[in-house]
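For the protein sequence lines, the chains are A and B, in the order given.
Quick note: the first sequence uses numbering that gives the first Met the number 0, first residue 0, plus one each step.
Quick note: the second sequence uses numbering that gives the first Met the number 0, first residue 0, plus one each step.
Hint data in this document are derived by calculation from the structure and do not stem from the laboratory.
Here the structure is a predicted model, which means the values were calculated and not measured.
Mixed in with the good hints there might be a few duds.
The list treats identical chains as one, so a pair stands whether inside a single copy or across any two.
List time: in silico DSS-like cross-link candidates among lysine-lysine, alpha-carbon distance up to 25 angstroms [what the hints assert, rightly or not]:
(1) Lys-51 x Lys-182
(2) Lys-154 x Lys-2
(3) Lys-87 x Lys-154
(4) Lys-176 x Lys-26
(5) Lys-51 x Lys-118
(6) Lys-154 x Lys-51
(7) Lys-26 x Lys-118
(8) Lys-176 x Lys-118
(9) Lys-154 x Lys-118
(10) Lys-149 x Lys-118
(11) Lys-4 x Lys-118
(12) Lys-4 x Lys-87
(13) Lys-176 x Lys-154
(14) Lys-51 x Lys-77
(15) Lys-149 x Lys-2
(16) Lys-2 x Lys-118
(17) Lys-2 x Lys-26
(18) Lys-26 x Lys-87
(19) Lys-118 x Lys-87
(20) Lys-2 x Lys-176
(21) Lys-182 x Lys-2
(22) Lys-154 x Lys-77
(23) Lys-176 x Lys-77
(24) Lys-149 x Lys-4
Read off the chains here:
There are 2 protein chains.
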Amino acid sequence: MEKVKTDANAFVYPMPMVLAGAIVDDKPNFMAVGWVARVNFNPPMIGISLGKTHYTNGGIHQTQAFSVNVPGMELIEKVDYCGLVTGKTADKSQIFDVFFGELRNAPMIRECPLCMECKLVQTVDMPSNTLFIGQIMGAYTEERYLTDGKLDILKINPFTLTMPDNQYWAVGRNAGKAWGIGKNWKTLKR
Amino acid sequence: MEKVKTDANAFVYPMPMVLAGAIVDDKPNFMAVGWVARVNFNPPMIGISLGKTHYTNGGIHQTQAFSVNVPGMELIEKVDYCGLVTGKTADKSQIFDVFFGELRNAPMIRECPLCMECKLVQTVDMPSNTLFIGQIMGAYTEERYLTDGKLDILKINPFTLTMPDNQYWAVGRNAGKAWGIGKNWKTLKR
């Protein structure tokens, strides 16, 4: 079918939805982030890209640390709230039960099925955003989210984000084995 | 409940699954990528992080361009195949119907519901990966994927990835309005 041009401000479908945590003005603060991805395999690093005007940025710059927390569906209203209000005017330190790992300045959320504490290793300055790249120094979960020792997405029950329609989406059915279901596909050998 | 430490090589749940395209050795090549995120709002930029040994990397460095293509579920076997074989030994230029937009060296996939052509603006060198940051110069879809002029994830029907269990997942039910469902949540004013 015919391709049509759409807004170049296009997004990934769907985006993961996490809460980024940092100590800002001596208090834990959390913001909702959909622009997040792993960026290095070994050592494990993760990147979050935050608009430059966000309250969280100053805390990450100052403490050189942040956390990435993957929430389950039961937290969706709290997560959305964290995306609606800024730490400049709202104290978000009491919304969750906060804990710390090895880093003393990367606040994590006990209610979240997966929490990663990150040491800032690089910032990439871009026109309207700052990309914070952190090394994952520790990752925390609970036995109830594991199956055969591995994190189980159906137990985590996370949700995803689409923009610009601004909707959240549950995870659906299993769709097959990665690095597996394509094995029947053949192509020309060079 | 009690938190337990898990492998620090932890991942985002779930990751988007896209095909990154580039011209390598004068031919279109496509690789499966789950480490992808928007990284700048204005101008729109997207980042993909590729292990340094991938065949695609040389092409992006040489042409200073790449594409990001969001596949629908009906392409899942072909996408997985692109993740199983390397362009070093397999010619992946014939798997899809390739088209070009304004850039003449960012091959896009006609079968994909959303395609973004990107001009390389920055590379971030990391220990085992290279993060390629591109400005989205054009985005392409079809009328059949739009609802009220916006991309509709249920029509796109993409899939997501989890690691390290290496599974694909469909998108599930709508879970609410982002920047909306948290409005009832109150907190302490500063």
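Subject >> Alpha-carbon proximity context of Lys-26 and Lys-118, limit 25 angstroms >> reply: This pair counts as within: shortest intra-copy Cα distance 18 angstroms, inter-copy 40 angstroms.
Subject >> Alpha-carbon proximity context of Lys-182 and Lys-2, limit 25 angstroms >> reply: The answer is neither: 30 angstroms in one copy and 38 angstroms across copies each exceed 25 angstroms.
Original post:
From the Cα coordinates, with 25 angstroms as the cut-off, is the pair Lys-51 and Lys-77 best called within, between, both, or neither?
Top reply: Answer is within; shortest intra-copy Cα gap is 23 angstroms, inter-copy 38 angstroms.
Original post:
Given a CA cutoff of 25 angstroms, do Lys-87 and Lys-154 count as a within-copy pair, a between-copy pair, both, or neither?
Top reply: Classified as neither: same-chain Cα gap 34 angstroms, cross-chain 38 angstroms, threshold 25 angstroms.
Subject >> 25 angstroms Cα threshold - placement of Lys-154 relative to Lys-176 >> reply: both (18 angstroms within a copy, 23 angstroms between copies)
Subject >> Intra- versus inter-subunit Cα pairing at 25 angstroms for Lys-2 with Lys-26 >> reply: between (49 angstroms within a copy, 22 angstroms between copies)
Subject >> Intra- versus inter-subunit Cα pairing at 25 angstroms for Lys-176 with Lys-77 >> reply: So Lys-176 and Lys-77 pass the 25 angstroms test across copies only (13 angstroms; inside, 33 angstroms).
Original post:
What label fits Lys-149 with Lys-2 when the C-alpha limit is 25 angstroms: within, between, both, or neither?
Top reply: between (41 angstroms within a copy, 14 angstroms between copies)
**OP:** Check Lys-26 against Lys-87 for me: Cα-Cα at most 25 angstroms, and say if that holds within a copy, between copies, both or neither.
**Re:** Classified as within; 12 angstroms inside a copy, 51 angstroms across copies.
Subject >> Copy assignment of Lys-2 with Lys-176, given that the CA separation must stay at most 25 angstroms >> reply: Neither: 30 angstroms inside a chain and 29 angstroms across chains, both beyond 25 angstroms.
Original post:
Taking 25 angstroms as the upper bound on the Cα-Cα distance, should Lys-4 and Lys-87 be classified as within, between, both, or neither?
Top reply: neither (38 angstroms within a copy, 32 angstroms between copies)
Subject >> Intra/inter-copy verdict for Lys-176 and Lys-118 if alpha-carbon distance must be at most 25 angstroms >> reply: neither (32 angstroms within a copy, 32 angstroms between copies)
Hint check: violations occur at hints 3, 4, 6, 8, 9, 12, 20 and 21; the rest are consistent with the structure.
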